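Participant: The lines below spell out each chain.
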Amino acid sequence: MALRSAYSALGGPSLPLKARTTPLAFQLQSRSRNVSSRALSSTPKASQAHTAPTDPPLQSLTKEQKQFLESALRVNHAGELAATLIYTSQTPPIVKAHPHLRPLMKHMYDQEAGHFKTFNHLLAKHRIRPTAMYPVWHAAASFLGWSTGVMGREAAMACTEAVETEIGEHYNNQVRELLKWDEEAKARGETLGEDLEALMTDIRRIRDEELEHLDHAVEEDAKMAKPYEVLNGVIRAGCRGAIWVSERV
Amino acid sequence: MSSPMALRTLLRTPPALRPLLLQTSRAAYHSYDHAEQPVYREAERTILSSALAHVPTHGFTQEALTLGAKDSGYLDVSTNLFRKGTFDLVKYYLVSQRMGLKDRIQFPDENIGVGRKVRGLILERLRANVDTGIVTRWQEALAIMSLADNIPASLRELGALADEMWFLAGDTSVDSSWYTKRASLSGVYAATEIFQTTDQSTEFRDTEQFLDRRLEELRTVGGTVSGGCTGESTAE
Chain A
1 MALRSAYSAL
11 GGPSLPLKAR
21 TTPLAFQLQS
31 RSRNVSSRAL
41 SSTPKASQAH
51 TAPTDPPLQS
61 LTKEQKQFLE
71 SALRVNHAGE
81 LAATLIYTSQ
91 TPPIVKAHPH
101 LRPLMKHMYD
111 QEAGHFKTFN
121 HLLAKHRIRP
131 TAMYPVWHAA
141 ASFLGWSTGV
151 MGREAAMACT
161 EAVETEIGEH
171 YNNQVRELLK
181 WDEEAKARGE
191 TLGEDLEALM
201 TDIRRIRDEE
211 LEHLDHAVEE
221 DAKMAKPYEV
231 LNGVIRAGCR
241 GAIWVSERV
Chain L
1 MSSPMALRTL
11 LRTPPALRPL
21 LLQTSRAAYH
31 SYDHAEQPVY
41 REAERTILSS
51 ALAHVPTHGF
61 TQEALTLGAK
71 DSGYLDVSTN
81 LFRKGTFDLV
91 KYYLVSQRMG
101 LKDRIQFPDE
111 NIGVGRKVRG
121 LILERLRANV
131 DTGIVTRWQE
141 ALAIMSLADN
151 IPASLRELGA
161 LADEMWFLAG
171 DTSVDSSWYT
181 KRASLSGVYA
191 ATEIFQTTDQ
201 STEFRDTEQF
211 LDRRLEELRT
221 VGGTVSGGCT
231 GESTAE
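Chains as they are written, first to last, in our numbering: chain A, 1 to 249; chain L, 1 to 236.
Since the hints were derived computationally from the structure, they do not count as laboratory data.
Since the structure is predicted, the reported quantities are computational estimates derived from the model, not experimental observations.
Think of the CB as a built atom: it goes at the ideal place given N, C-alpha and C, for glycine as much as any other residue.
Keep in mind that the hints are not guaranteed to be accurate.
Residues from chain A that keep clear of chain L, each with C-beta distances beyond 10 Å, as calculated [said to hold, decoys possible]:
#1 THR88
#2 ALA97
#3 ASP110
#4 MET151
#5 GLY168
#6 ASN172
#7 LYS180
#8 TRP181
#9 GLU184
#10 LYS186
#11 ARG188
#12 ARG207
#13 VAL234
#14 ARG236
#15 ALA237
#16 GLY241
Below, a sample of chain L positions facing chain A; criterion: calculated Cβ distance under 10 Å [unchecked claim]:
#17 TYR29
#18 SER31
#19 TYR32
#20 ASP33
#21 ASP163
#22 PHE167
#23 ASP171
#24 SER173
#25 VAL174
#26 ASP175
#27 SER176
#28 TRP178
#29 TYR179
Work out the full structure: start from the sequences and follow the hints.
Facilitator: The structure is reproduced here in structure tokens:
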């Protein structure tokens, strides 16, 4: 363990060529075990030299960057799970009292379900552990949605407003971080790679949709909710707490 | 020793950053654009892989390590690279077999269901124990892994193997079942592997039947290995 970290400190950033050839060498070696190691250690370097020149080289992800992506995607997944559940449990009482809100609730729910699907896919693809608090968030989000739905239209919209404010800010921070990586990579003449660029586009789109929900909520008198300050404060604090926990477990 | 040092660095970092340091296991984001960093350095890898060739005759011992170092042209003393001695040899075997699993197995029919794929993966991983000839010595490795110092790393490796198997089987669930699936597969795999070390039957038929009984139990208990195991979990 200590050796490995010492190695990454030595061989990682200071020897870029070596750092780029060794993972390839490793993969090839584990693939064909019976070929002599002498022959293998020379071939990947040669093939690297042939393929490298045209495209800008890929920036290799550091351990910190991987950890950031892991916890960011896990939080996003947990957040979208909560969002779909909040809308699911808000919709029946709200639509019953105010039938004209049916299309809006459906529109917001459909978008959240789409986001949830995106992150389900991303987590499975990048082999990220979902949050261990999954059942807890499930219960908490359903309760939050149901209770604000029962309290009436304004309270439900205040809940949406509080949640989307936190989430929008959270997504904004992620986009900012990814943009920073992109700049750093460009400064070194490298690219982030297709996956990360697609991720950045996805997160931007999702953030815009979340902020659109925020606007809808404000239009629907979210600020008129009776104990507005209390609702807003409690829900936002809850969101921040949930984000904090989901980043870790 | 590494643990007091680790504790000191932990206490020196600002409290807000400590949880990040505690997640030392592995950076989990699996990238497709970037090649994975190798787990072992070249020198370690050559010494350990040649040492494994001596395991069937010498067991998981310091002697096997020394002979491995000699074979690959290093001095005897270079086995000091491996602070945990024989456990590093065991761990290298586990890691290399886990990472080699994806090249050992190919599913001709992609639609055979996740449950059957998992069964195939477990059998393939157990077959690797036979192919490398270490199955006769595996009880020694299990003994080394069960020492108090080595338990956390061994369990982590078992979890990583279960994760790899579910990934290769194409399982994409990311809810609470993510945890139960990995836990139950780890249990089944560990039990089957212990059974394998005592199996005297031809071509490890008994191990295969043992595995099928365990999977059958899982299926009846909670349908954890769901969608695919039905009716096909009997021995070939």
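Participant: It remains to establish, for every hint, whether it holds in the given structure.
Facilitator: Structure-based check of all given hints:
no., hint, result
1, THR88, "15 Å, holds"
2, ALA97, "32 Å, holds"
3, ASP110, "20 Å, holds"
4, MET151, "29 Å, holds"
5, GLY168, "23 Å, holds"
6, ASN172, "20 Å, holds"
7, LYS180, "17 Å, holds"
8, TRP181, "13 Å, holds"
9, GLU184, "15 Å, holds"
10, LYS186, "16 Å, holds"
11, ARG188, "14 Å, holds"
12, ARG207, "20 Å, holds"
13, VAL234, "24 Å, holds"
14, ARG236, "20 Å, holds"
15, ALA237, "18 Å, holds"
16, GLY241, "14 Å, holds"
17, TYR29, "4 Å, holds"
18, SER31, "6 Å, holds"
19, TYR32, "6 Å, holds"
20, ASP33, "3 Å, holds"
21, ASP163, "7 Å, holds"
22, PHE167, "6 Å, holds"
23, ASP171, "8 Å, holds"
24, SER173, "8 Å, holds"
25, VAL174, "4 Å, holds"
26, ASP175, "6 Å, holds"
27, SER176, "5 Å, holds"
28, TRP178, "5 Å, holds"
29, TYR179, "7 Å, holds"
Figure legend: structure checked against the earlier numbered hints; every hint is met.
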